[in-house]
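K.L.:
When we follow the working numbering, the leftmost residue of the sequence shown carries the number 1, and every step to the right adds one.
What the hints contain is simulated information worked out from the structure, not anything from laboratory work.
One or more of the hints may lead you astray.
Taking lysine-lysine pairs in the BS3-like style, the calculated list, with each CA pair at most 30 Å apart, reads [to be verified]:
#, residue 1, residue 2
1, 85, 60
2, 104, 60
3, 26, 85
4, 100, 60
5, 2, 86
6, 22, 39
7, 60, 26
8, 100, 13
9, 60, 39
10, 104, 86
11, 85, 100
12, 85, 13
13, 85, 52
14, 13, 52
15, 13, 39
16, 86, 52
17, 100, 86
18, 13, 26
19, 60, 13
20, 13, 86
21, 86, 26
22, 2, 26
23, 13, 2
24, 39, 52
25, 85, 22
26, 13, 104
27, 60, 2
28, 2, 100
29, 86, 22
30, 2, 39
31, 26, 52
32, 86, 60
33, 104, 22
34, 2, 85
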Amino acid sequence: MKILVDADACPVKDIIMRQAQKSNIKVLLVSSISHFSTKDLPDGVERIWVDKGSDEADFKIMGLAYPNDIVVTQDYGLASILLPKKCRVLHHDGYEYTEKSIQKLVDGRHLSAQMRRQMSRSKVKSMDPFADEPQYDFEELLVRVINEQLTITEMME
1 MKILVDADAC PVKDIIMRQA QKSNIKVLLV SSISHFSTKD LPDGVERIWV DKGSDEADFK
61 IMGLAYPNDI VVTQDYGLAS ILLPKKCRVL HHDGYEYTEK SIQKLVDGRH LSAQMRRQMS
121 RSKVKSMDPF ADEPQYDFEE LLVRVINEQL TITEMME
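Work out the full structure: start from the sequences and follow the hints.
P.N.:
What follows is the structure in structure tokens.
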């Protein structure tokens, strides 16, 4: 088990690294080369650089993710691909992506686009896909998911 982070715009990297270190879990920070940094990282944290491009980090994460991994991203397209791989996918706002919330996101995107085409001058407010999902403090959610995944991993061994 490892934690993969869609790191370019992730505001909770420090929390992730701190909690992963406490549980001795490897962290992979996947970032675009346009965000290059020489900042030292703690033990157990690796930075993976990808080419510039809107989906390069997503493609890399898809290739690196395996069942029981934890992924932190705000990209629900990436989340929708990782859920069938049996990854736990978290949003930095304290939500866990589920099949239900992904479907709401996709449906909402379609509905909003449809409404924009019909009413070109009006503003279309999108639905909140997480309205029915519990929201947690991100660190609380991460600790809970780490503990659940460690239990599953131990049971598989």
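K.L.:
Could you run down the list of hints and mark each one as holding or not?
P.N.:
Against the structure, the hints come out as follows:
Distance hint between residue 85 and residue 60 is fulfilled; the C-alpha atoms sit about 15 Å from each other, no more than 30 Å. A threshold of 30 Å between alpha carbons decides the hint, and for residue 104 with residue 60 the separation of about 25 Å falls inside it, so the pair holds. Distance restraint check for residue 26 and residue 85: the Cα-Cα separation of roughly 19 Å lies within the 30 Å cut-off, and the hinted pair is therefore satisfied. Proposed proximity of residue 100 and residue 60 is supported: the alpha carbons are some 25 Å apart, at most 30 Å.
A threshold of 30 Å between alpha carbons decides the hint, and for residue 2 with residue 86 the separation of about 13 Å falls inside it, so the pair holds. Restraint check for residue 22 and residue 39: the C-alpha separation of about 21 Å stays at or below 30 Å, so the hint holds. At most 30 Å may separate the alpha-carbon atoms for a hinted pair to count; residue 60 and residue 26 meet this at roughly 16 Å. For the proposed pair residue 100 and residue 13, the alpha carbon gap of about 26 Å is at most 30 Å, so the pair holds.
As the CA atoms of residue 60 and residue 39 are separated by approximately 21 Å, the hinted pair is consistent with the 30 Å bound. Only pairs whose Cα atoms come within 30 Å are accepted, and residue 104 paired with residue 86 is accepted, the gap being roughly 19 Å. For the given pair, residue 85 sits about 16 Å from residue 100 by alpha-carbon distance, which is consistent with the 30 Å threshold. Using a Cα cut-off of 30 Å, the hinted pair residue 85 and residue 13 holds, with the two alpha carbons roughly 23 Å apart.
Restraint check: the Cα-Cα separation between residue 85 and residue 52 comes to about 26 Å, which is no more than 30 Å; the hinted pair holds. Taken as a hint, the residue 13 and residue 52 pair is honoured in the structure, with Cα atoms around 20 Å apart against an allowance of 30 Å. Under the criterion of a C-alpha separation no larger than 30 Å, the hint pairing residue 13 with residue 39 is consistent with the structure, at around 13 Å. Of the supplied pair hints, the one linking residue 86 and residue 52 holds, its CA atoms being roughly 28 Å apart against a limit of 30 Å.
With a C-alpha separation of about 15 Å, the suggested pairing of residue 100 with residue 86 holds against the 30 Å cut-off. Proximity of residue 13 to residue 26 is assessed by CA-CA distance (about 13 Å); at most 30 Å being required, the pair is judged to hold. Between residue 60 and residue 13 the CA atoms are separated by roughly 18 Å; this keeps the pair inside 30 Å, and the hint holds. At most 30 Å may separate the alpha-carbon atoms for a hinted pair to count; residue 13 and residue 86 meet this at roughly 22 Å.
Restraint check for residue 86 and residue 26: the C-alpha separation of about 18 Å stays at or below 30 Å, so the hint holds. Restraint check: the Cα-Cα separation between residue 2 and residue 26 comes to about 5 Å, which is no more than 30 Å; the hinted pair holds. Taken as a hint, the residue 13 and residue 2 pair is honoured in the structure, with Cα atoms around 14 Å apart against an allowance of 30 Å. Between residue 39 and residue 52, the direct Cα distance comes to roughly 20 Å. Compliance with the 30 Å bound is thereby established for this hinted pair.
At most 30 Å may separate the alpha-carbon atoms for a hinted pair to count; residue 85 and residue 22 meet this at roughly 26 Å. For the suggested pair residue 13 and residue 104, the alpha carbons sit about 27 Å apart, so the restraint of at most 30 Å is met. With a C-alpha separation of about 14 Å, the suggested pairing of residue 60 with residue 2 holds against the 30 Å cut-off. Distance restraint check for residue 2 and residue 100: the Cα-Cα separation of roughly 24 Å lies within the 30 Å cut-off, and the hinted pair is therefore satisfied.
Restraint check for residue 86 and residue 22: the C-alpha separation of about 24 Å stays at or below 30 Å, so the hint holds. Straight-line distance between C-alpha atoms of residue 2 and residue 39 comes to about 21 Å, which keeps the hinted pair within the 30 Å bound. Distance check on the hinted pair: residue 26 and residue 52 sit about 25 Å apart at the alpha-carbon level, within 30 Å; holds. For the suggested pair residue 86 and residue 60, the alpha carbons sit about 17 Å apart, so the restraint of at most 30 Å is met.
With a C-alpha separation of about 35 Å, the suggested pair residue 104 and residue 22 falls outside the 30 Å cut-off, and the hint is violated. For the suggested pair residue 2 and residue 85, the alpha carbons sit about 14 Å apart, so the restraint of at most 30 Å is met.
The structure does not agree with numbered hint 33 stated previously, though it agrees with all others.
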